[in-house]
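A.B. asks: Residue-level listing of the chains:
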Amino acid sequence: MKSTEQAETEIRAVLRDHGRLAQDIATLTSDADLYQAGMTSHASVNVMLALEGKFDVEFPDRMLKRSVFASVDAIRGALTELGAIEGADAQVAQA
Amino acid sequence: MGFDLVQISTVAQSLEQFGAVYERRIFTDGESRYARSSSTLVAQRLAARFAAKEAVMKALQLAETGVGWRDIEVVKQGSGDCEVALHGRAAEAAQAAGAQQIQLSMSHDGDYAGASVCVVFAPPETVFPDS
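Protein chains in written order, with this note's numbering: chain A, 1 to 95; chain B, 1001 to 1131.
Just so you know, the hints here were simulated from the structure itself, not pulled from any lab data. Hints are not guaranteed to be accurate.
[Unchecked claim] Rough simulated footprint, nothing fancy, chain A against chain B, three-plus residues with beta-carbon under 8 Å:
#, segment
1, 1015-1029
2, 1049-1063
[To be verified] Some but not every residue of chain A turned toward chain B, in silico, with C-beta under 7 Å:
#, residue
3, I25
4, S41
5, R62
6, K65
7, R66
[Claimed, not checked] Restraint ranges, calculated between C-beta atoms of paired labels, are given here:
#, chain 1, residue 1, chain 2, residue 2, range
8, A, Q23, B, Q1101, 36 to 42 Å
9, A, T27, B, A1122, 44 to 50 Å
10, B, D1111, A, Q23, 20 to 26 Å
Note that beta-carbon positions come from the ideal geometry of N, C-alpha and C, so glycine has one too.
So that you can see chain A by itself, here it is in the shape it has in the complex:
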């Protein structure tokens, strides 16, 4: 299971490589709308597949919503729900 910081780095790398964004991902805040930044519906498919490979998860159909891939924060939340990222509780417990 990846830490939140590691996960955010890897999520941004996936978006850089597959999101076909019109802006540099490094300039986008974690709550920035990725579709407004240029990600198309087809690019979001590639992002999903790359995330599944990188984090060894599969997004179930119920999570195939536009909002799930709308921002770095949203993606991180989805991956946390799937158990691929340490939740906030786990990180607090370790602190």
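Following the hints, complete the assembly by docking chain B onto the known chain A.
C.D. replies: Frame of chain A, contents of chain B only:
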């Protein structure tokens, strides 16, 4: 109504990068079988079908429903026409919305494929006040 436009080269790239994982996730066996019946038009046909799926999602407002791409299928008829077949959550949502018919038109030219969808809904019930 719903409309979507897809760059065919991006579909070709996805096939190259993700291979069968991409194809099996997005397209039904029937869609893949038809697309691959021509070795030179695979990406074009798949791109048009992806555009059709997205157009259906827009027309039925399924963006936040949680629908798999394979639940929206483009079926090639013997006449050569293409029709939309809905399965699973897509079918449930369409029925709940009162969708009676889905009309589809697809095309591809150069590096682009597009699809337009029109959904015919059942008319709302008219309630007449007691006279």
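A.B. asks: Quick one: which hint numbers does this structure break? Sort them smallest to largest.
C.D. replies: Going through the list in order, the structure violates hint 3 alone and respects the others.
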